[in-house]
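**Student:** Numbering (the numbering used here), first residue to last: 9 to 361.
These aren't lab readings, by the way, just hints derived from the structure by calculation.
Mixed in with the good hints there might be a few duds.
What the hints assert, rightly or not - Calculated cross-link-like contacts (lysine-lysine; reagent style DSSO-like; alpha-carbon spacing at most 30 Å):
#1 47 with 65
#2 246 with 48
#3 264 with 211
#4 166 with 217
#5 47 with 246
#6 211 with 73
#7 48 with 247
#8 247 with 73
#9 166 with 76
#10 76 with 284
#11 166 with 40
#12 211 with 47
#13 40 with 65
#14 65 with 48
#15 76 with 247
#16 166 with 246
#17 48 with 211
#18 73 with 264
#19 73 with 47
#20 47 with 247
#21 211 with 247
#22 73 with 48
#23 217 with 264
#24 166 with 211
#25 247 with 40
#26 284 with 246
#27 166 with 47
#28 211 with 65
#29 264 with 65
#30 48 with 166
#31 76 with 217
#32 73 with 246
To be verified - Label pairs and their computed distance ranges (CB to CB):
#33 256 with 319: 26 to 34 Å
#34 235 with 203: 49 to 57 Å
#35 328 with 236: 40 to 48 Å
#36 31 with 328: 45 to 53 Å
For each residue, glycine too, the CB sits at the ideal point set by N, CA and C.
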Amino acid sequence: MGIAVIFFLALGVIFAISLLYLLVVALVPGIKAPAVSVKKEKGTGGGENDLSQISSKAHVSFAVKDTKIHGWLFLPRDMAEPVACIVMAHGFGGTKDMGLESYAIRFQEAGFAALVFDYRYFGESEGGPRQLLWIPFQLEDWSAAIEYARNLEGIDPKRIALWGTSLSGGHVIVKAARNRGIACVAAQCPGMDGRASAEHIYKNQGIVKSLCLILHGQRDMVRSWLHLSPHTIPIVGKKGDIACLTTPGAYEGFGKLAPDNFINEVCARIVLRADKYRPVAEAHNVRCPVLLQICDRDEITPQSAAEQTVEQLGSCADVRHYPIGHFDIYEGEHFEISLSDQLAFFRRHLGKI
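Build the full structure now, drawing on both the sequences and the hints.
**Tutor:** Given below as structure tokens:
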């Protein structure tokens, strides 16, 4: 038997074993990640004082490929002339009712419009399978939201700004790199390098839990190929849980932000793809001002990735550092300080006093 024949036989055996493994992982019943309930924590929250005030917001919707996306539109009182609009969405597994209204109200009070939306498959937006976090789809949702805002009556289409946090802090950099019509961008505790974040998270999880996560990701991915029901894992958990985020402070941070109806699940296939997402690689194409708000003790999005983004942005970067962790920026005095920086940035670049 020739060497070439042996080689191809070996390849065939490897392929057959791999296929059998994937089918077993996808189809064998009983492979399940234990559910994790998020205990609602009382935060000092940036939003609590603001939400006690009466704000006017309209429930709006727009479509992406025939799927309806739902959002809130906050319009300032003074609409005598077209106003700037800040488009906003949450991070990994987040929905618009996880603290974003606190920011939108303050932007509204400062004379800006704000459009806050839920991604497809999450929150009030439509689409299935539910809880599917797929980054290309989220980027499409951002494009649709930007276009919707641009065409709203009373909105100045030349003054569209983007606001993102954590994972969406990376999204807004990517959209600004690909859309030269963006006036400015604010990205707080931004997820700029999926590879660096994955290494950090896997280091925290340990090899056994990391391999478990990969197995769950494979199960969900193959089931999607076979048009079967999705396989989900918790978004957040405590150390030792099988969940996407188990770094210190993540469980408590979600507890302070999550509403009572929060669904702590995500389609597990994102585990296999998140490390491929690297907004830092596109940052050099951004041509508008960018406020980068870096949490120096960030447990989820490594500071090194944010610093590399600063280098790639060059003169477009307006950098602020805060001696806090990833979730601290959403509440209390840290919320007020970081929001004050955002308001000053938007006033400077959107032309509102």
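**Student:** All the hints need checking, so say for each whether the structure fits it.
**Tutor:** How the hints compare with the structure:
no., hint, in the structure
1, 47 with 65, "holds (29 Å)"
2, 246 with 48, "holds (14 Å)"
3, 264 with 211, "holds (25 Å)"
4, 166 with 217, "violated (47 Å)"
5, 47 with 246, "holds (11 Å)"
6, 211 with 73, "violated (38 Å)"
7, 48 with 247, "holds (18 Å)"
8, 247 with 73, "violated (39 Å)"
9, 166 with 76, "holds (25 Å)"
10, 76 with 284, "holds (28 Å)"
11, 166 with 40, "violated (49 Å)"
12, 211 with 47, "holds (25 Å)"
13, 40 with 65, "violated (40 Å)"
14, 65 with 48, "holds (26 Å)"
15, 76 with 247, "violated (36 Å)"
16, 166 with 246, "violated (44 Å)"
17, 48 with 211, "holds (27 Å)"
18, 73 with 264, "violated (34 Å)"
19, 73 with 47, "violated (36 Å)"
20, 47 with 247, "holds (15 Å)"
21, 211 with 247, "holds (12 Å)"
22, 73 with 48, "violated (35 Å)"
23, 217 with 264, "holds (26 Å)"
24, 166 with 211, "violated (44 Å)"
25, 247 with 40, "holds (18 Å)"
26, 284 with 246, "holds (25 Å)"
27, 166 with 47, "violated (43 Å)"
28, 211 with 65, "violated (43 Å)"
29, 264 with 65, "holds (23 Å)"
30, 48 with 166, "violated (40 Å)"
31, 76 with 217, "violated (36 Å)"
32, 73 with 246, "violated (37 Å)"
33, 256 with 319: 26 to 34 Å, "holds (28 Å)"
34, 235 with 203: 49 to 57 Å, "violated (30 Å)"
35, 328 with 236: 40 to 48 Å, "holds (46 Å)"
36, 31 with 328: 45 to 53 Å, "holds (50 Å)"
The structure shown violates the earlier hints numbered 4, 6, 8, 11, 13, 15, 16, 18, 19, 22, 24, 27, 28, 30, 31, 32 and 34.
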